[in-house]
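Novice: Sequence:
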Amino acid sequence: MPLYEYQAVAGNGEKKRGYVNADTLLDAKGKLSKTNLLVWNIREYKQSQHLHWKRKEVQSFTKELAKLLQAGLPLFESLLAIEEKYQGKRMHTILLDLIESVKQGKSLSAALLLHPKTFDPLYAKMVENAEKSGNLEGMLLELNALMEKQGSLRKKILQAVSYPLLLFSFSILILLGLLFFIIPSLSPLFVGRSLGAFTRVVLAASAFCVDHGYSLLLGSLCSLLFLLILSRFSFCSALRAKLLLRTPLFKDLIVKHTLIRFSRSTATLLEAGIPMVEAIDLSKNVVKYSFFSEELEKIKEGLLEGNTLSKEFGKCAYMPHFVVRMVAIAEKSGKAAEMFHHIAAIYEEEFSDSLQKCTGYLQPLLMLFIGAIVGLVLLSVLLPLTDVSSFIE
Numbered sequence: 001m002p003l004y005e006y007q008a009v010a011g012n013g014e015k016k017r018g019y020v021n022a023d024t025l026l027d028a029k030g031k032l033s034k035t036n037l038l039v040w041n042i043r044e045y046k047q048s049q050h051l052h053w054k055r056k057e058v059q060s061f062t063k064e065l066a067k068l069l070q071a072g073l074p075l076f077e078s079l080l081a082i083e084e085k086y087q088g089k090r091m092h093t094i095l096l097d098l099i100e101s102v103k104q105g106k107s108l109s110a111a112l113l114l115h116p117k118t119f120d121p122l123y124a125k126m127v128e129n130a131e132k133s134g135n136l137e138g139m140l141l142e143l144n145a146l147m148e149k150q151g152s153l154r155k156k157i158l159q160a161v162s163y164p165l166l167l168f169s170f171s172i173l174i175l176l177g178l179l180f181f182i183i184p185s186l187s188p189l190f191v192g193r194s195l196g197a198f199t200r201v202v203l204a205a206s207a208f209c210v211d212h213g214y215s216l217l218l219g220s221l222c223s224l225l226f227l228l229i230l231s232r233f234s235f236c237s238a239l240r241a242k243l244l245l246r247t248p249l250f251k252d253l254i255v256k257h258t259l260i261r262f263s264r265s266t267a268t269l270l271e272a273g274i275p276m277v278e279a280i281d282l283s284k285n286v287v288k289y290s291f292f293s294e295e296l297e298k299i300k301e302g303l304l305e306g307n308t309l310s311k312e313f314g315k316c317a318y319m320p321h322f323v324v325r326m327v328a329i330a331e332k333s334g335k336a337a338e339m340f341h342h343i344a345a346i347y348e349e350e351f352s353d354s355l356q357k358c359t360g361y362l363q364p365l366l367m368l369f370i371g372a373i374v375g376l377v378l379l380s381v382l383l384p385l386t387d388v389s390s391f392i393e
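Sequential numbering from 1 applies to the sequence shown in my numbering.
Hints were generated in silico from the structure; no laboratory data involved.
One or more of the hints may lead you astray.
[Claimed, not checked] Below, in silico cross-link-like pairs of lysine-lysine (DSSO-like), each with a Cα-Cα straight-line distance of 27 Å or less: (1) Lys335 / Lys357; (2) Lys156 / Lys132; (3) Lys117 / Lys85; (4) Lys67 / Lys85; (5) Lys311 / Lys156; (6) Lys54 / Lys106; (7) Lys251 / Lys315; (8) Lys34 / Lys54; (9) Lys284 / Lys56; (10) Lys89 / Lys63; (11) Lys298 / Lys242; (12) Lys103 / Lys63; (13) Lys56 / Lys106; (14) Lys67 / Lys56; (15) Lys34 / Lys103; (16) Lys54 / Lys149; (17) Lys300 / Lys315.
[Stated by the list, open to error] Taking CB as the label site, the calculated pair distances span: (18) Ala145 / Gly334: 21 to 27 Å; (19) Phe322 / Leu365: 25 to 31 Å; (20) Trp40 / Glu100: 23 to 29 Å; (21) Asp27 / Ile172: 53 to 59 Å; (22) Glu297 / Val9: 52 to 58 Å; (23) Leu173 / Glu297: 44 to 50 Å; (24) Glu297 / Lys34: 52 to 58 Å; (25) Leu365 / Leu217: 26 to 32 Å; (26) Gly196 / Phe168: 26 to 32 Å; (27) Leu217 / Phe322: 18 to 24 Å; (28) Ser333 / Glu305: 20 to 26 Å; (29) Gln7 / Glu148: 55 to 61 Å; (30) Ala145 / Leu239: 18 to 24 Å.
Every residue gets a Cβ at the ideal spot worked out from N, C-alpha and C, and that includes glycine.
Work the whole structure out from these sequences, hints included.
Specialist: Now the structure itself:
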């Protein structure tokens, strides 16, 4: 069933924009005529497949659908209830597509696959497996728990880097204030005076910033935009990862963060009854770094050749020996899913400690750097002012 986008005016004069599902344009107008909206523009919407939800929106949908299914509502009725809640919001379009797909007889997992930017293959595969076992609400709760843990990990990272970034931004503002305002107001005092080399450099830099302020601002914005565009390319992300992996401190954080995401998703997939080879293949979608995805592809190929998981893990350059040993134990006991949960829990605790140590080292170093830069700039200007003899003709 096609999706139509409309623009209308409500009874109070407020402009409205929304979507409606209908067989034809005439049917869409008929549905809208029953509302208190004055429709002035309506057309078929062609771009719904390109929309995608944010992570929090996917999590909200998962949690709400699980609760409605637990309450005993059928899948189609549950989707309709969620769609009514989000009418007029950005989630509404995809919800309408999901409802229409289910109405046409497709499974929920097949409907999710139509929106790969919103629902990754891991999500869709777990839903498909749950549909076969008849435990969709339970699987949705597990997916919600997985997303909550991933969100908690992301929140820890943001909290750790926010203060250093704030300090760095504040230091940039102070430096710009000195170069654009403070030093120019003092520069007339140094005209015709004998100055040191560093003072002359600072005064020249301040004069250059004042004379070319708009050009510098435009250049900075263009450079930032260029870097943002460049960061979207995979080769740029791979290059950044390789550079960070050469730094011991960042390498430790990256490897632990990757292991947490991989172990947790693999454990959830194994608990859902998905075979190990397929679980590893799907877990590649939650790994952000290409170097680890390439290693996982090699591990999958080794498993298909008949090798054990511990043996393939042992060949991985970034896999700690501790993980290899735990996986070997899990192979003997037959508790791979439980073991991967333990690995994720252990490395999450270690990751938090490493992150705190990293920020603990970074903050004083950043403070020293800020103090040194600002202090040198101030001293270069203020020290000549303390030499009274330089002002006596």
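Novice: Going through the numbered hints above, which ones does this structure break? Give me the numbers in ascending order.
Specialist: Hints 1, 2, 5, 8, 27, 29, 30 are the ones this structure does not satisfy, whereas the remaining hints hold.
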